[in-house]
Each structure stands twice: as structure tokens, then as C-alpha cells.
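Protein chains in written order, with numbering that gives the first Met the number 0: chain A, 0 to 326; chain B, 0 to 365.
Honestly, the hints are just simulated from the structure, not real lab data. Certain hints may be false.
Claimed, not checked - Derived list of chain B stretches under chain A, where covered just means 3 residues or more per stretch with a C-beta under 8 Å from a C-beta of chain A:
#	stretch
1	67-75
2	150-161
3	240-250
4	313-323
5	342-352
As the list claims (entries may be wrong) - Dumping the calculated SDA-like pairs for lysine to any residue here, alpha-carbon to alpha-carbon at most 20 Å:
#	chain 1	residue 1	chain 2	residue 2
6	B	K128	A	N303
7	A	K302	B	D344
8	A	K50	B	Q287
9	B	K256	B	N146
10	A	K251	A	R278
11	A	K38	B	Q287
12	B	K70	B	K312
13	B	K312	B	E294
14	A	K22	B	V8
15	A	K38	B	N365
16	A	K302	B	Q67
17	A	K313	B	K288
18	A	K46	B	F339
19	A	K50	A	E32
20	B	K288	A	N34
21	A	K302	B	K312
22	A	K302	A	R278
23	A	K302	B	M65
24	A	K158	A	A1
25	A	K50	B	F10
26	B	K128	A	A307
27	A	K38	B	K70
28	B	K128	A	N297
29	B	K128	A	W308
30	A	K225	A	D311
31	A	K50	B	A11
Note that the Cβ used here is the ideal one computed from N, Cα and C, for glycine as well.
The primary structure of each chain is shown beneath.
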Amino acid sequence: MAELQFREAIREAIDEEMAREEKVFIMGEEVAEYNGAYKATEGLLDKYGYKRVIDTPISELGFAGIGVGAAMNGLRPIVEFMTFNFAVLAADQIINHASKAGYMTGGQISMPIVFRGPNASAGQLGATHSVAYDSMYAHFPGLKVIYTSEPDDAKGLLKSAIRDDNPVLFMESEQMYGMKGEVSEEEDYIIPIGKGKIKREGSDVTVVAHGKMYHVAKQAAAQLEKDGVDVEIIDPRTVKPLDLPLIVESIKKTNRCVVVDEAHPFAGFAAEIGFLIQREAFDYLDAPVQRVTLPDVNAPFAKNLFDAWLPDAKNVIEAVNKVTYRN
Amino acid sequence: MAKKNTDEVNFAPRGIGDEKDGAVQKGVDLPAPTKKKHKSLGLSEDDLKAMYEQMYLQRRFEERAMQQYQKGKFGGFLHLYIGQEAVSTGTVYALNDDDDIITAYRDHGWGLCRGITPNEGMAELFGKKTGCSKGKGGSMHFAKTENHFWGGYGIVGGHIPIGGGLAFANKYNQNGRISATFFGDGAVDQGALHETFNIANLWGLPAIFAVENNGYSMGTAARRHTVNEIVDRAKGYGMKSRVVNGMDVFSVYEAMKEVAEEVRKNSEPYFLEIRTYRYRGHSMSDPQKYRTKEELENYQKNDPIERLKTYLKDNKILKDDGIQEIEEKVEQEVLDAVEFADNSDFPDESELYDDMFAEDEPYFHN
Ligand SMILES: Cc1ncc(C[n+]2csc(CCOP(=O)(O)OP(=O)(O)O)c2C)c(N)n1
Numbered sequence: 000m001a002e003l004q005f006r007e008a009i010r011e012a013i014d015e016e017m018a019r020e021e022k023v024f025i026m027g028e029e030v031a032e033y034n035g036a037y038k039a040t041e042g043l044l045d046k047y048g049y050k051r052v053i054d055t056p057i058s059e060l061g062f063a064g065i066g067v068g069a070a071m072n073g074l075r076p077i078v079e080f081m082t083f084n085f086a087v088l089a090a091d092q093i094i095n096h097a098s099k100a101g102y103m104t105g106g107q108i109s110m111p112i113v114f115r116g117p118n119a120s121a122g123q124l125g126a127t128h129s130v131a132y133d134s135m136y137a138h139f140p141g142l143k144v145i146y147t148s149e150p151d152d153a154k155g156l157l158k159s160a161i162r163d164d165n166p167v168l169f170m171e172s173e174q175m176y177g178m179k180g181e182v183s184e185e186e187d188y189i190i191p192i193g194k195g196k197i198k199r200e201g202s203d204v205t206v207v208a209h210g211k212m213y214h215v216a217k218q219a220a221a222q223l224e225k226d227g228v229d230v231e232i233i234d235p236r237t238v239k240p241l242d243l244p245l246i247v248e249s250i251k252k253t254n255r256c257v258v259v260d261e262a263h264p265f266a267g268f269a270a271e272i273g274f275l276i277q278r279e280a281f282d283y284l285d286a287p288v289q290r291v292t293l294p295d296v297n298a299p300f301a302k303n304l305f306d307a308w309l310p311d312a313k314n315v316i317e318a319v320n321k322v323t324y325r326n
Numbered sequence: 000m001a002k003k004n005t006d007e008v009n010f011a012p013r014g015i016g017d018e019k020d021g022a023v024q025k026g027v028d029l030p031a032p033t034k035k036k037h038k039s040l041g042l043s044e045d046d047l048k049a050m051y052e053q054m055y056l057q058r059r060f061e062e063r064a065m066q067q068y069q070k071g072k073f074g075g076f077l078h079l080y081i082g083q084e085a086v087s088t089g090t091v092y093a094l095n096d097d098d099d100i101i102t103a104y105r106d107h108g109w110g111l112c113r114g115i116t117p118n119e120g121m122a123e124l125f126g127k128k129t130g131c132s133k134g135k136g137g138s139m140h141f142a143k144t145e146n147h148f149w150g151g152y153g154i155v156g157g158h159i160p161i162g163g164g165l166a167f168a169n170k171y172n173q174n175g176r177i178s179a180t181f182f183g184d185g186a187v188d189q190g191a192l193h194e195t196f197n198i199a200n201l202w203g204l205p206a207i208f209a210v211e212n213n214g215y216s217m218g219t220a221a222r223r224h225t226v227n228e229i230v231d232r233a234k235g236y237g238m239k240s241r242v243v244n245g246m247d248v249f250s251v252y253e254a255m256k257e258v259a260e261e262v263r264k265n266s267e268p269y270f271l272e273i274r275t276y277r278y279r280g281h282s283m284s285d286p287q288k289y290r291t292k293e294e295l296e297n298y299q300k301n302d303p304i305e306r307l308k309t310y311l312k313d314n315k316i317l318k319d320d321g322i323q324e325i326e327e328k329v330e331q332e333v334l335d336a337v338e339f340a341d342n343s344d345f346p347d348e349s350e351l352y353d354d355m356f357a358e359d360e361p362y363f364h365n
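Chain A with its partners taken away, still in its complex shape (with noise of 0.2 Å):
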């Protein structure tokens, strides 16, 4: 195991399946000579020219829709937005062509293409550069949707993104790029898009989180066995497809569920596993599912509104709190 950081666990990835496949290639916004605006891709020039590591302009729809035609076209493009907040540019890129044009022509295009970068919000950064997207992506058929919480997921998940044949969106949380993990360092680490991992055994109530609210439901975790109650922890990692066996497996073991999500709480992901557990775990249950999602409001900017308005450990304590019916 190597301890790195997350943006080191990223580059690592681009560069082992660059170096693989000729055919991958990266672009973006200051990818290329400023190194990244992240540094997820520093040295990456350097290493590959000016061929296979592209800056593009502030043409989020124009460079996304050119890495869509050539994925249809037999490459492998790697595309960077500085975040997803500004991929909704590209957005009719993504869902309306990336997502359908294989199924649109039967079968004959292939899109093997991933659309990288920051999800969610940094600290402080107003409403517009702090939304979390990936239960929107996740709402349309064709792409595939993965949000990790570790330097170690986002390693072996990028690896298999850039393998996979169809559109994939990889998140990454802007305020956890300097942070540290242990990383496999077997040669060719590559972990399945779709599987799940229990990231905590426990026996009491099962936390689903990911992303950067895997650590937060971490810390209620720590918090709340001192209090005496065990808490398990699932991290899907990809949200789409979605590991539904692990979870329901676990609920069956605690009878208890909380489903701790960055975005917003309308048709989001933990409206989407609370219907799933319901439907596939019912009988097993012996609380209502509980989510922690952010309020249905817009990110504010003022320091103490914003720290109320991210969810936090206290948020996720209360919700156990609730499904375990201690007051």
C-alpha cells in the first residue's frame, strides 16, 4: 500500500491507462500547461506532449461534444471540467448524445468516453459552484455514475471507467484533493464499476454515504459508539449502476437504515434508495429509512449558513437517533 493523495490516486490512473492505450487522451480547461487547475493532471504534459493532453477554451459544450464524436469515432477520451458545476454547459453533450446515440443507432456507436472533475461544493464558493450532480446524471439511462470517498476507489474506478465502452461520469470532491489514503499497489489495480464495499461492520443501523459524506458519516460513526451504538457503513461508490444487493444484505443484519447524500433531497439518491429498500427490504425493517441530504435551498455563501446548510455528523447522529428511536 502507498499513502497519496487523492488528485496523486487520479493522476496515476490517467497516466497508467495512458501509458496502456494509445488511444486514451485527456482535455480541458488548463490541463495541459498550467498542470491542472486541481493538479489532478501535473507532469502529464510533460510526460505525453501536446498531443494526448489537451487545454481546450471556456467551451464546455464545444469540447465535450468533440470528445463525444471521437469516442464514436475510436478513441478514448478522458474530459476534465474544471467542475461539474460547469458541465451543465455540456450538458445536452452529455445527455442527449453520449447517453443515447448507441442505443439511437442500434447498437452500432460505441461511447467509450469519461467526463471527469470536482462534484459538489468547496468552502464558500456561492450557489452556482456548489451543487452536487451526480444523482442528476444518474436520473438518465446510458451513463454510469461514480462518486468515491477514497483515494484507493478513485484509483481502481478511474482505471475501469476509462476501460468501460459506455459514458461515464467520475466525481471527485474539490475539498478532498489533498486528502490522504492508502492505495493498492498492485500492478493493474482495477475495481469493478457497480460493487459496493462495507467501509464499517456493525450490527445497529446502516449508513449509506458517499462521496465526501462517506467521511462525515464516518465521524457520526466514531461519535456514536461511544454512545453504544454500532454503526455499519456501506459506500456504493458508483451510484449507477448501484450495488442494491450489498445494502439490502445489510439492512437485513440492522433493520435500520440512514442514507447520508450531498445533493438535494427532491428525486435525489436518497429518495431513490429509500424507495429500493422498501420495496426489497421491507419486512426487514424496523424504522422508516431516514436521509440526510442538503435543504432544498441554494448553496449560501456566509460561513455560518453554509456550514449549516452542508450536512454534518450532528445531522447523521440525529437521524440514527430517529431510526433507532432513541430520543
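Model the placement of chain B with the ligand on the given structure of chain A, informed by the hints.
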């Protein structure tokens, strides 16, 4: 640098001009400033003093803001306008007070110039309820709609159509007002600009679109992100255009005055490329490896504030002590603003839910 020219195939930007490290690049060459003196531009001595005060305020406000940011008094992004003050000041003096102005996230100078008080501005940076946007917007989202300043916007190019919409409403209402939309050179690559230019000319919208070409979009020099001369974009849409020296407040004033008159009279859009320079990094986290100190110093020789100061002295409008008086007044105002911001309250947590909907009792789905 990487093996740019040895690659058989490469997608390095073709750009305009040759790479000359450190030299002033084509594409951000400053056109000659206007030769006109203030009287023939229709500016009084009092106007000049006020303009000087305004430009000095914008600069000191931001220098203090930077200091407070470094002290950890507030977080988020901080994009400084330092170096570009002649653009906001020349424009605001040239337009009518009820003409509409909208800009991108580099918005402090614009806000101050359009009547956001230093107190309201600094408090917004601190995220306090006394800020111009009640602490909800922060650095990128200053706004004061009662003064027809429609705010700063954080999605590059996203506000360009909105500027067209402000003009649409003015034409619809036949109120004689025009709109002026400002954006950076990076924004000219967005589809939003092209769609808006087409519609604006098609419908004869009374709108000025102005790019503040400060040479860089984040770490990318203009010639590396966009082809040909930016000012020529207008041609494809049959729009009139011109290039303006944005380091000289008289030049901006003159151009804006003439263009505004034409736009108002004929109800037609107009495109300006205002060439200027940003002295600071893109934001506070930018190490600025993409440019040399020499290049920066070269532009600082054209500093808009120093230029106006020299003019005031050469034309015996103000002596050193008069200048000093203005500067001390501004300095005090800015220090007071820092104190005001520091002493103001954060919004109450219950205000998190305010302003989402126009209703008194909005519906939330939590
Ligand atoms: C749609 C979109 N893409 C990317 C960004 C990230 N970003 C913010 S500012 C910026 C550079 C913009 O440069 P320019 O338009 O020249 O304005 P300047 O900063 O020079 O005033 C970038 C890439 C963004 N905010 N919005």
C-alpha cells in the same frame, strides 16, 4: 515546456502572434489612448477629482480585502480587479445612471462604482447580513439593482444572454435605457456569446457588449484560447465594434459615451474590445507561472490611476496635497468598512431559507 513542436500530431493552440516569453503579446497590445483633454470630452474638474477618488477607492478596497482574506476573515474565491479600474470608472461616468450594467465575477470595482458603499461591499465579502447581497452572494455576487447594477456572475459567459435580456426589456418598455454587459476574454469562447450576438443584432437590442481583454483567462493567454482578433467577432453578426485602451479612463469614457449614444439612438447592439491588464493572479490561489514579472511591470507603466494623477497635476487641477487629501479620505473609508464588516453580524441561521421564493411562506421539500 513539453515537446510541443516535436510531436507529429499536436493540439497545441495555434493562436495569434508568436510566443515571445515576457514580451508584450499581440492581442493585448494597447491601442493609443485618446488625445482629447477633459474639457473637450465634456468632463469638469470636479468630475476628474471624483473619478480619481473612485478609482483609488476601488484599488484600496481590494488591497484591504486581500489583506483581510489572507488574515482568514473570509473564505471562498477572491478575484481582484486591480489594474482594470479605468474600465468600470470610465463606463459608469459615460452611461446614464439608469442604464443597466451586468458583469462577471470580477465585480467589486463595478459594484463600488455603481453605488455599493465600501461598507456594504466589505460586509458582503465577510459574509455578513449587512452586505449588499445579505451575505448570500459573496465576492462573486455583488449586486445593487436599485442602481441598475445587476450583479456579478460566476459561470463564464453565463450572464451574456442576460445582458441581452436587460436590453430586450428596455426596448420593450421603450424607456430609452440601454444595457452594458462586461465579460472577460475567456468568455468569448462560449456559445452563449455567439447566440446572444446573433439574436441581439437580429432584434436590434439596445445593448453594449464589452470584453475586458486583460490578456488571460485564468492561466491561458488570450492567443492560446481564442483565434484571431477578438474585436472581429462582431463582424460575423453584422455588429459594429471597436478596440479601446482600457488603461486610460479618458479613452474608455470617450468610447462609451459615443457608443452609448449610437446604441440608444439606433437601437442596435455594439461590441467593444477593451484592452486592459490584471495585476494580480486570477484568484488568490493562482501562482501565476504563465507570465513574467517584466510583462507585468510593462503594463504597470500604464497604470490607470497613476495616469490620471499625472494628468491632474500636469493640468494644475490638483496639487500633491489635494491628491493626498483624497487618498487619505479613501483610506479611512476603507478602514472603516473593514471595521464595519468585522463588527457586523452573520445572517441568522433562519435566513438560510429566505429569498428562495418570492412568497412569504414558500414551500420547501426537505
Ligand atoms: C462555464 C465556466 N467554466 C469554467 C469556469 C472556471 N473559471 C472561472 S474564471 C475562468 C477564467 C475566465 O477568464 P476571463 O473570462 O478572461 O475573465 P477574467 O478572469 O480575465 O476577468 C475560468 C476558467 C467557470 N467559472 N465557468
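Hints versus structure:
| no. | hint | result |
| --- | --- | --- |
| 1 | 67-75 | holds (count 3) |
| 2 | 150-161 | holds (count 6) |
| 3 | 240-250 | violated (count 0) |
| 4 | 313-323 | violated (count 0) |
| 5 | 342-352 | holds (count 6) |
| 6 | B/K128 x A/N303 | holds, 11 Å |
| 7 | A/K302 x B/D344 | holds, 12 Å |
| 8 | A/K50 x B/Q287 | violated, 24 Å |
| 9 | B/K256 x B/N146 | holds, 19 Å |
| 10 | A/K251 x A/R278 | holds, 13 Å |
| 11 | A/K38 x B/Q287 | holds, 14 Å |
| 12 | B/K70 x B/K312 | violated, 36 Å |
| 13 | B/K312 x B/E294 | violated, 28 Å |
| 14 | A/K22 x B/V8 | holds, 13 Å |
| 15 | A/K38 x B/N365 | violated, 36 Å |
| 16 | A/K302 x B/Q67 | holds, 15 Å |
| 17 | A/K313 x B/K288 | violated, 42 Å |
| 18 | A/K46 x B/F339 | violated, 52 Å |
| 19 | A/K50 x A/E32 | holds, 13 Å |
| 20 | B/K288 x A/N34 | holds, 11 Å |
| 21 | A/K302 x B/K312 | violated, 45 Å |
| 22 | A/K302 x A/R278 | violated, 40 Å |
| 23 | A/K302 x B/M65 | holds, 18 Å |
| 24 | A/K158 x A/A1 | holds, 17 Å |
| 25 | A/K50 x B/F10 | holds, 5 Å |
| 26 | B/K128 x A/A307 | holds, 15 Å |
| 27 | A/K38 x B/K70 | violated, 25 Å |
| 28 | B/K128 x A/N297 | holds, 17 Å |
| 29 | B/K128 x A/W308 | holds, 16 Å |
| 30 | A/K225 x A/D311 | holds, 18 Å |
| 31 | A/K50 x B/A11 | holds, 8 Å |
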